[in-house]
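A.B. asks: The task is simple: from the sequences and hints, build the whole structure.
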Amino acid sequence: MSKIITISREFGSGGREIGKRLADELGFLYYDQEIIKEICKETGMHEGYVEGVAEKAISLISTQFGHTFYNQQQIDVLVSQQKIILDLAKRGDCVIVGHGCAEILADLEPFSIFVYASMEAKVARCRTKGPEEEKLTEKELIRKIKDVDKNRKKVHEMIAPTRWGEKENYDLCINTTHVKIKRIIPGVAMYANEYFENK
Numbered sequence: 002m003s004k005i006i007t008i009s010r011e012f013g014s015g016g017r018e019i020g021k022r023l024a025d026e027l028g029f030l031y032y033d034q035e036i037i038k039e040i041c042k043e044t045g046m047h048e049g050y051v052e053g054v055a056e057k058a059i060s061l062i063s064t065q066f067g068h069t070f071y072n073q074q075q076i077d078v079l080v081s082q083q084k085i086i087l088d089l090a091k092r093g094d095c096v097i098v099g100h101g102c103a104e105i106l107a108d109l110e111p112f113s114i115f116v117y118a119s120m121e122a123k124v125a126r127c128r129t130k131g132p133e134e135e136k137l138t139e140k141e142l143i144r145k146i147k148d149v150d151k152n153r154k155k156v157h158e159m160i161a162p163t164r165w166g167e168k169e170n171y172d173l174c175i176n177t178t179h180v181k182i183k184r185i186i187p188g189v190a191m192y193a194n195e196y197f198e199n200k
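Quick note on our numbering: the sequence shown kicks off at 2 and runs consecutively.
Do not rely on the hints blindly, as some may be mistaken.
Pairs of lysine-lysine, DSS-like flavour, derived with a Cα cap of 27 Å [what the hints assert, rightly or not]:
# : residue 1 : residue 2
1 : LYS21     : LYS136
2 : LYS147    : LYS181
3 : LYS84     : LYS154
4 : LYS151    : LYS200
5 : LYS4      : LYS136
6 : LYS21     : LYS151
Just the calculated beta-carbon pair ranges, DEER-fashion [what the hints assert, rightly or not]:
#  : residue 1 : residue 2 : range
7  : THR178    : LYS84     : 30 to 38 Å
8  : ARG128    : ASN176    : 33 to 41 Å
9  : LYS168    : ASN194    : 20 to 28 Å
10 : ASN176    : GLU198    : 21 to 29 Å
11 : ARG144    : GLU198    : 20 to 28 Å
No lab work stands behind these hints, which were simulated from the structure alone. Backbone N, C-alpha and C define an ideal beta-carbon position, used for all residues, glycine too.
C.D. replies: Structure, rendered in structure tokens:
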């Protein structure tokens, strides 16, 4: 059975960087944006739309007659995402970031990581790692961080009975507020290897 590491994270906490560096350290495959590209191939939908849906809970559409229904395109994206993540996990040892991977792969007992940081640290990281063309005020950036995390929490609660970000639901929680990510990777890799050896 493949060794699988899943990374759930707060926006701006450095979860993607941890995922990439950890995959390199362990010699594992790495999946993140590749999932979006695979969904686009399977559904024929535009990448921007798919990426937006993957980060948001399915919305209810109201009609003038008072009835509500789910957006079928959004459902198609999330169904495709689940199928693709399960398929990728079977291809070999891997690190998968985001996309509800910890919940989708729960039956495969992945080593699940949750990455978080203080708001101040997340704002600073977004300033240095974010697109240069995205010139947001601090207030706008904080609002964006809160909105993204709110949506991630909603998506999690749609597909899992557990609460997003609660330590009891992960094998390892990492606070990146006061650390340089590249320096903690060997320790995280050792922790993961210990988990797989004793699983």
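A.B. asks: Are the hints correct? Go through all of them and say.
C.D. replies: Evaluated hints:
Simply put, LYS21 and LYS136 have alpha-carbon atoms about 26 Å apart, close enough for the 27 Å limit, and the pair holds. A distance of roughly 23 Å separates the Cα atoms of LYS147 and LYS181; the hinted pair therefore holds under the 27 Å criterion. Restraint check for LYS84 and LYS154: the C-alpha separation of about 21 Å stays at or below 27 Å, so the hint holds. With a CA separation close to 32 Å, the supplied pair LYS151 and LYS200 exceeds the 27 Å bound.
As the CA atoms of LYS4 and LYS136 are separated by approximately 40 Å, the hinted pair breaks the 27 Å bound. Restraint check: the Cα-Cα separation between LYS21 and LYS151 comes to about 24 Å, which is no more than 27 Å; the hinted pair holds. Distance hint check: the CB atoms of THR178 and LYS84 are about 36 Å apart, consistent with the given range 30 to 38 Å. Between ARG128 and ASN176 the beta carbon distance is about 19 Å. The supplied range of 33 to 41 Å is therefore violated.
Separated by about 21 Å at the C-beta atoms, LYS168 and ASN194 satisfy the suggested range of 20 to 28 Å. Our hint of 21 to 29 Å for ASN176 and GLU198 holds, since their Cβ atoms are close to 25 Å apart. Between ARG144 and GLU198 the C-beta distance comes to about 43 Å, which lies outside the given range of 20 to 28 Å.
Comparing the model with each earlier hint shows violations of hints 4, 5, 8, 11; every other hint is respected.
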